[in-house]
Structures are given as structure tokens and as C-alpha cells.
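Participant: Each chain, letter by letter, is given below.
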Amino acid sequence: MPYGVSEQMIETWGEMIFDLSLNIQIRRGDPIRHLDFDAWLGMREDMGLTDPEIASKLGLATEQVTFIRNITERRRFRLNQYRKLYRLGGGLRYREGRYQDPEEKFEMGDAAVLLRQAINVPAQDAARYIRDGLWTQARIPDYLDEHAAARADAVALTDQNKSLTWAELHNRCHRLAASLQSKGLRRGDIVVANLPAGINQVVAYLAILICGAVFLPLPPQTNGAMLAAWLKRAGAKAAILGSAQDQPTLAGELASLAKQSGSLDLVIQDNETRSDDVHSLIEMMDGHDDNPHTGGAAGLAATDPALLLIADDNADNLTTLAIHSHQSLVSGAASVEAEIAGETEIAGDPARPLASQLSLTTGAGSLVLHLALRTGRTLQFSQPSRPDMALVATCANHVITIARSGAGDIQIMSTNQISAAMINTGIIGDGATWKPSIGSQARIVNEYGTSLLDGQPGHLQLLGPGQCVGYTDGPTNRTIDGWLRTNHHATMSGTDIQKMNDSPKTKV
Amino acid sequence: MTDAHDPAEAKGELRDYALKRGAARFGIADAAVVEKFTPAGHGPSALLPGVKSVISIAVSGPTQGTWRAPAKVMTSVGANVGRIYRVAVGLSFHIESRYGFRSIYCPPHVDPEFGARLPLQSLKLHAELAGTGARSLAGDILLDPEYGLVYYGSVFTEMPLPPDEPMAENPCPAPSCLSVYKETGQTPCQKFCPVQCLSAKLDDDGKVEESRFDMYRCAEMCQQYENMPTIMEKAITAQDPLDREEVLYGAESQSFFYKATAGVDTNAQCFECMRVCPIATQGTMVDPIKRAKTLRELAAGEHLKGDA
Ligand code: SF4
Ligand code: SF4
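Taken in sequence, the protein lines are chains A and B. Be aware that the first sequence starts at 1, since it is given in this note's numbering, and climbs by one per residue. Be aware that the second sequence starts at 509, since it is given in this note's numbering, and climbs by one per residue.
Among these hints, one or two may not hold up.
What the hints assert, rightly or not - Short derived list, chain A residues pointing at chain B, Cβ under 10 Å:
1. S21
2. I26
3. R128
4. R131
5. R274
What the hints assert, rightly or not - When the alpha-carbon atoms are kept at most 20 Å apart in a straight line, the in silico SDA-like pairs for lysine to any residue are as follows:
6. B:K528 <-> B:G714
7. B:K632 <-> B:A676
8. B:K632 <-> A:D36
9. A:K57 <-> B:G549
10. B:K544 <-> A:M43
11. B:K709 <-> A:G42
12. B:K632 <-> B:V597
13. B:K699 <-> B:G714
14. B:K560 <-> A:L35
15. A:K259 <-> A:A111
16. B:K699 <-> A:G42
17. B:K580 <-> B:S763
18. A:K57 <-> B:H550
19. B:K544 <-> A:G42
20. B:K715 <-> A:P31
21. B:K580 <-> B:T789
22. B:K742 <-> A:L79
23. A:K183 <-> A:G90
24. B:K699 <-> A:I24
The set of hints was computed from the structure by calculation and includes no laboratory data. These figures come from a predicted structure and were not determined experimentally. We put the beta carbon where it would ideally sit given N, CA and C, even for glycine.
Given the sequences, and given the hints that come with them, work out the whole structure.
Facilitator: And the structure:
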């Protein structure tokens, strides 16, 4: 016990001593310059006392005052204030609103921390993708900004009922992002949504990314119990639900769940109006919800997680999620965009249900969206407005078949775990020959994981920049050196891959 | 004591000595008056029992180029305290060897009995009483109407010397600051302080009814004495090994340790209140570029042999 001072004494006297000392100095007038001794004496206590003076005022020993003062000062001392200065000078002045503590930018909830800890990219792969220009600093919302500036009035999204230009899409996403931030959504938070494929799903996704948060899309038909289970499993901060027509009581049930949940505290429904506990997505997007524009997540990085997809073949179980970063999503789209040069629109095949094609719940659907975002093309959730100019994507079984207006069809393989891994520009159907997309690699291995020679049949494994950057806990189908085990049996000759059939053994 | 000397002449000679070596201002306070305005144990007699005179010396602040530099550059080159040591220590030897009176360079440091925030002596008090500066609204920084922001050193001597008067006028707040205050409720220095540790109530004429300086906030910027123990404590109590590594090896800590081990004498400085202060940045003798011109234009004055 230094100088007979207990913790209790620090509690009793600490603040008083702190305030009486030089830490706070109050002066009236200019008594020293006027040699006004009485005035000076009258404000001595306010100007700050020495330790012996404080000791005699409070009835403590001087050593005790010194110790308590120093400890109290130490406890109140904030480290790293100094860095407020680092970007100032040469005419730029400090303003409170301009400064954000770097650590604040990276404050994350528990689920966000766990997610980040699950990201695991082999160093040599990351180095290759960076060296080859496949992974860049571009974040997905950067493309929204770019197109809103460069082609503000061009149509970005359309469906049967409405269209949004790039400028409108940008505004809508930013309004929703601001509203989400004002309601507490932070960097790294996970938002689960069971919205159907369409404009609102895209707006919600982009707004969430602008906030630095992470989107976990579930199929719209996901039932209440499953949804609640996913919310809990993901440690979700927010849930965005389809319209009340489709799910009349679900939002209310989740709102009461949110009250008991440690993480979930925001329930939003794709409705025009809000209720006590359930916010209206439409209101938040349209800006009727009274909130300031709080801007994007400062410091959002291309390596940040952006999208969580249920690992392939496990959609019915609560299982592993494949974590995609801005980099992996963007590079997947980038690696195939040359194949659609010249097309102006991307649309779902009108002959098939949209939900199975352009939904963000699948790797194939998400590739189509990112392709549109990267290239500034119109994404149509309805029949192409000009079929002759359009490129129609049909996503089924991880394969997007794109009917190009000016060239033959191509196929792109994009699973929930690897985006745009292989391309087929030749025969469609049986006997098709695939090649790894730009930056991707393929190999055929036997059941022990040993690489096989050209022409020998075995299990197909893939590696590429569009691959998910990690998995949440649970079984994964990644090899120790980072390759994705597919469920395909194939042969390979040079870079030509011929898929033979699914290989049940390699299913997770 | 050596040969008899004329105190006024000796004062002139000492002033010349100081100005020739780079002082911008030179002033003398009666040690007894300083003692009267000092808390017990912190007066000049605590250092030199027979002290008669307190000499306050000021050297000018940063160059114009420095004022325009980014803050992180200014933090390392803005302070100009090295010259003080040269002038004041030299002066203390000079008084002893030429006039035979005991003298001492007043250490500008903290009182080791009390930790890091209580000074041994208040150099500002010496300067106020010797007329080399007046207390501003910016964290008690003293300002000179011509030289603006200056750095102080004090010499105590047993030699009786004719004292100077405190400044007749306080240049702070400047008229433009008063206008800003009337409009916004804050003077420029208050407005731009990164930790908002300054506030004041001024009357219509600019007289200070009350001013407040939260020194503990300013200390977070301008002192880093608490850094080392704070870093150590955080390292010891960190749960996550990465947090421990960040607190020990993060950029802030690295640069702090660099300064400590490289012996950089300015561990921390903040000039944001002074950057926006018209007295600090626009006084007639502040700008070394303009100063030469001013010196030529002025008739020979007492500051002519300053640190131009
Ligand atoms: S030195 Fe910096 S922290 Fe201190 S009062 Fe001036 S502006 Fe504020
Ligand atoms: S800016 Fe300078 S002159 Fe103006 S009030 Fe502050 S210290 Fe005084």
C-alpha cells in the first residue's frame, strides 16, 4: 500500500485532487501583469494548487496527494490523442467532425471478429493475385460511385415495374446505408436477408457493403425457424425480410426474438410502413426515415468480407458459410468480363424463374450482379428490353449460360465457393471443354489428393482469385494448400478440362 | 562580489550579451516580487537562496515555413528551445565571471518530487513579471506583441539589477479574435484546439472575465510522460496477443520509443492553437523574412540586435 493509500482513498479523493491541481486552471482578469496580489491570491485555488497546498487543504499527507494525483492523471490519460495532429497543417485545421480515431473505424462486434478470424488465404496465392493484378484495391461500392458519376442517367436495374438509373441506385443505396448506420449497423456486422431476387435485394446488398457490413442472403422461402437459426448461427446484427404479404407474422416474431438476442437488434421488412419494432425497408431507402447521411464506412478495404454464401450442397443444413471478400467477388467478375465485351445488358432468362438465376444467394447469381456492376451494364430482372442487344444469363447448377447477341453462347462455372472458376466457349452440353478462367488453376487428383497425369480421370480441384477467402466454422471442402475440392469427376489435358460426372465422394 | 558596477549599465551590457547570442527579448523581475506570486517551495529562493534578480530571456518561435508545414512536421521542428539553453547558460556564466555574483540557469523541468505535471519553477511567471510576455487565452501560452510565440529561459542571480515592468498591454485577444469570439463564442485558438481544452468569457472590450484551461487535455497532446507506463500496463493486461503486440509495437508506440531512444527532445508538441493566432503568426517580428525589412525600417530599438 504505497504511502498508506488504498484504492478506496483514490476513489474518495482522486477527482477532488485532480480538479484542485494544475490539471484545470481558471483565471479571472490578468492579475499578475497588473501586480494585483490580492486578486491573484483570491483565485489561487482555481488556478491550480501544488501538492503540499492540496494536502493541507484536504488533510492528507503530501506524498499521498502526489500519489493519488498521479494515479488519477494516469487513469484519465488517453493514449494516442497525438495522432489527431498527423494529417493537419499547411492550412488544414483540426475539426472534430473531420477526425475519426483509427481504432474506432475498426471497432467490431463479436460476430465480425469471428468472421475476420475465419478468413484464411495462403500467402503465396494472395501474393500471386496481387502481382497479376487480379486482386486490387477496388471495393464493390466503388463501381456504384463510378457509374453514378460516369453514366448517371443510364439504367442500372430494371424489373417489370420499375427502373433505376445509376444515379438513383447510388442515392437509394446511400440513403439506406445512412439509415442503417444511424440505427447502429457497424463495420463487419452481419445482415441476414431472405429477400427475393430483384432490385431491393441489390439495393440492400450494396447499402450493407457501403456500411462496411456483410450480407448473408437466404432463399426467400426460408421458413421462420430456419431463418431464426441462421440469425443465431451467424450472430447477425440485422434481419431484412421479404414483404409482409409473403411472411405476415415473421417480422413480429423476429422482432421479439431480437429483444432477447445478444446480437440481433434490427428487424427490417420490405414494406411501405413500419411498426414499433419492425422498420420499413422502403422508408429507409426512400429517405423518409428521418436520419442524417452518415456516409460510408471509413477505411473499408477490398480485403474486407462482403458476402456470405452457404457452402455448396449444404443449403438445407446449418452449416459452413463461404466468406467472400470484395476482392474475390470483383476478381471473379473481372476474369470473365472480356467474354461479354460488346453487350449492353444482362438479363435473366425470361423462360426460367428469376429466383433461380439472378439471386445473390448463389455464386452464379452473384457473379451476374458483379459482372453488371463492374462493367456498368444494365441488369434486368425481367425480359430484356432489346433482346438483340442483350446477353441472357441462365444460372443453373453453378453454371451460367450466357447467350451473347453477337457471338456464340458461353458457359461460366461459378459455385458458391468459387466465382468464375472455369469457362467454356466451345460446345455446350455433353463433351464440353472447359478452361480455367484468368488467374484460376485446375488439377485432377486421386482420392489421396495426389495430382494425376494428363488424361487420367480423377477429382477436379480448383484454385483462383474468385475463390472464397475462408469459411465459418464447420466442414469445408478446401485442401490444406487452399484448393477447392469440387464434386466433379474430370480429366485434364493441358488446360482443357472435361467434366465427366459428379463425384459423390467429394461432396461435403 | 568584484569591482563596483553601475546596475543600469550592467543591465544594458547583459541585455546586449543575450541579444547578441540570439535572444529576442530580455527582461528583469525583482526576485522578491516573483517570490510573492509563487506557491511555497517554487520561488527563486528555492534554487538560489540569496537571489535578487530574475532574468527572463525569450527566443523567437518557428519560421514562417514551419508554420505552414503539416502538423507532424511541425511537432518535431516547431519548438525552438535549443537556443534558450545556449543564451541562458552562457549568461549565468557571464554574470559570475564578469560581475562576480552567483547565478544559476533555472531548469525548465518538472519538480522530481511530484511527478510529471508540476514544474520546479514557472518560467511564465518570470516572463510576465519581467515584461517579456503576457498571458494569452491559449493554454496560458505567453505572447509577445511583436515576436508572437516565444520560448523562455530564466537566470537567477544574486546581482541586484533594475527590474522591468510587466507589459502595459496584453496583445491577447487580438481585435480580430474578439470579433470571431463575438460571432461564434470562441476565439480562434479555442476553436481549433484538437482537444477543446480552452474556453473563456470575454467582455465587450475583450477583457478576460474568466478563462479556463483544461491542462490535462492539452497534456495528452503536448506531453507523453504517461505513454510509457500506459503502454506497459496495457501490454500486461491485454487478453489478446495481437492487442499486446499493437500496444507495444504499433505505430504510436514505435514512434514514441524512437523519440525516447534517439533522444529527440520534443517528444510531443502541438501548435494548433498558435497556428491560428494572429499574434503568433503575424506579429511584426514573427516572420524572419519580413523581420529584416522591419529592422531596417525601425529606428534603432531595443530589440534590434535580436535573433534576426
Ligand atoms: S497546444 Fe494544442 S492541445 Fe494545447 S491548447 Fe494548444 S491547441 Fe490545444
Ligand atoms: S488566437 Fe491568439 S490572440 Fe487570439 S485569443 Fe487566442 S491566443 Fe489570444
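Participant: For every hint, state whether the structure bears it out.
Facilitator: Hints and how they fare:
no.: 1; hint: S21; verdict: 7 Å, holds
no.: 2; hint: I26; verdict: 5 Å, holds
no.: 3; hint: R128; verdict: 26 Å, violated
no.: 4; hint: R131; verdict: 27 Å, violated
no.: 5; hint: R274; verdict: 38 Å, violated
no.: 6; hint: B:K528 <-> B:G714; verdict: 36 Å, violated
no.: 7; hint: B:K632 <-> B:A676; verdict: 16 Å, holds
no.: 8; hint: B:K632 <-> A:D36; verdict: 17 Å, holds
no.: 9; hint: A:K57 <-> B:G549; verdict: 16 Å, holds
no.: 10; hint: B:K544 <-> A:M43; verdict: 15 Å, holds
no.: 11; hint: B:K709 <-> A:G42; verdict: 18 Å, holds
no.: 12; hint: B:K632 <-> B:V597; verdict: 18 Å, holds
no.: 13; hint: B:K699 <-> B:G714; verdict: 17 Å, holds
no.: 14; hint: B:K560 <-> A:L35; verdict: 18 Å, holds
no.: 15; hint: A:K259 <-> A:A111; verdict: 18 Å, holds
no.: 16; hint: B:K699 <-> A:G42; verdict: 29 Å, violated
no.: 17; hint: B:K580 <-> B:S763; verdict: 12 Å, holds
no.: 18; hint: A:K57 <-> B:H550; verdict: 18 Å, holds
no.: 19; hint: B:K544 <-> A:G42; verdict: 14 Å, holds
no.: 20; hint: B:K715 <-> A:P31; verdict: 12 Å, holds
no.: 21; hint: B:K580 <-> B:T789; verdict: 18 Å, holds
no.: 22; hint: B:K742 <-> A:L79; verdict: 10 Å, holds
no.: 23; hint: A:K183 <-> A:G90; verdict: 37 Å, violated
no.: 24; hint: B:K699 <-> A:I24; verdict: 18 Å, holds
The earlier numbered hints that this structure contradicts are 3, 4, 5, 6, 16, 23.
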